[in-house]
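Participant: Sequence:
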Amino acid sequence: MTALRELRIATAQRPLLHGLSLELIPGQCSALVGESGSGKSLTALAIMDLLPPGLRVSGEGLSEVHRLRRAMVFQEPMTALNPTMRVGAQIAEAAEARGKSTDEARVYALEWMRRVQLPEPELSYRKYPHQMSGGQRQRVMIAMAMAQDPDVLIADEPTTALDHAVAHEILGLLRQLQKAEGFSMLFISHDLDAVQAVADHLYVLRNGECVEEGPVSQVIQAPAHPYTQGLLASRPPKDRKPLRLPTVQDFMDGHSVSGDERPAYPGGAPILEVVGLSKSFGGKAILSDLDLVLHEGETLGLVGASGSGKSTIARCLVHLTQPDAGEIRYRGQRIDGLDRAGRQAMAREIQYIFQDPFSSLSPRMRIGEAILEAMQVHRLWGTSSEQRRKVLSLLEAVGLPDPEEAYAKYPHEFSGGQRQRIGIARTLAVDPRVIICDESVAALDVSVQAQVLNVLNDLKDRFQFSYLFISHDERVVRYMSDRTMVLGVNS
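Residue numbers for the sequence shown follow my numbering, beginning at 18 and rising by one.
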């Protein structure tokens, strides 16, 4: 067993991690849970000895940890893998770093590709990262880590970007490898379901401080700290639809949350209809003869594994992808038969909330300008001063503190949850009737996710638009949706 005691990390101006103590036990998994900024990834970087210059770090046992063989599996393999190198060569390179010859490293890489259950290892060895699915790329990352024969494996949000079925497979693989190889694992996540599946011991971090720790079952079943209670309660329940999801802040402030449930959808006329939609890419059928109806004021959930066609449907609906066959009707009219004015009106009335608002917001534009731009394109809301007032009212409606201050800031000055609120405000700027939410909360911490889901429901109640809610998270889809449509591959 290796123990870290009083691990502290600080800048010259302020502390970032306040005396964390944790144990790394061979054959066991310790998990770090907390919101963004809680110190989870800083702890991992300190163990890996990868902290950026300018940070001061201290802690008893840190030098002993640094003498261990350490490896890390990152959240986004597409970013971590070299796009110009075949994946087999990248795994072999990791083995060579541990002293194996070129020939030995190739054999070792193929062995690990088999052990992480990559299909046809000899063929996969020669592929580039972009030629593999997200789950396969994560298996490559695990193989790279295991090729280094680690004493300690750090898995930093390894399943966040994966659909439920693939994430379940990756968690099972990590646990299986740990039992077989006996390494210590540090699992970092904001997904408490994932933590329950893989971890033995849990550390809950908040603002750089460990507020609670203990065996996973004990902490999950009987959380002592209000922050832990809030994290657990923020998850959408499996068996009901409360009017509002509780948030961490509710528990920290001692506020009670109403137990009332959301009223049943009263029904409305069809606003968006899809009939016999088919689409193939490179000869592979993604959608096959699909039918779909979205009613006014309804939230229709689309859930399915990666590759099931969820995002392809959304792209067809907004004319970003041309279907091979089928009809799409908006308010009873085929969209391929609309004149220019009709297409422009439809483009305004069907809007998108993207998964990553940081990518969809221009880094060069202030927030107010980005929202104004949408209004100006469609010539909405009157004069420039009236448009500015509308922007401020939208920033207030999505729950951003101090809209006047937010108006003048750039995207990088906001947190992930705040940027998603800004993305929602920009979507509302053109007064849409249908909003497509494509994995809109997938990248958010569970507590921030609850806040954004509450905002989406509040706005729907206020403005009476319809949602097409796309996600791989069945809990979230079940909570948000009036009806749910499950897509399989080649639906």
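Derived from the structure by calculation, the hints contain no laboratory data. This one's a predicted model, so the numbers in the text were calculated from it and none came from an experiment. One should not assume that every hint holds.
[As the list claims (entries may be wrong)] Straight-line distance between alpha carbons at most 27 Å, and here's what the computed BS3-like set of lysine-lysine pairs gives:
| id | residue 1 | residue 2 |
| --- | --- | --- |
| 1 | K301 | K144 |
| 2 | K426 | K407 |
| 3 | K117 | K196 |
| 4 | K117 | K144 |
| 5 | K301 | K407 |
| 6 | K477 | K258 |
| 7 | K255 | K117 |
Participant: Which of the numbered hints above does this structure break?
Facilitator: 5, 7
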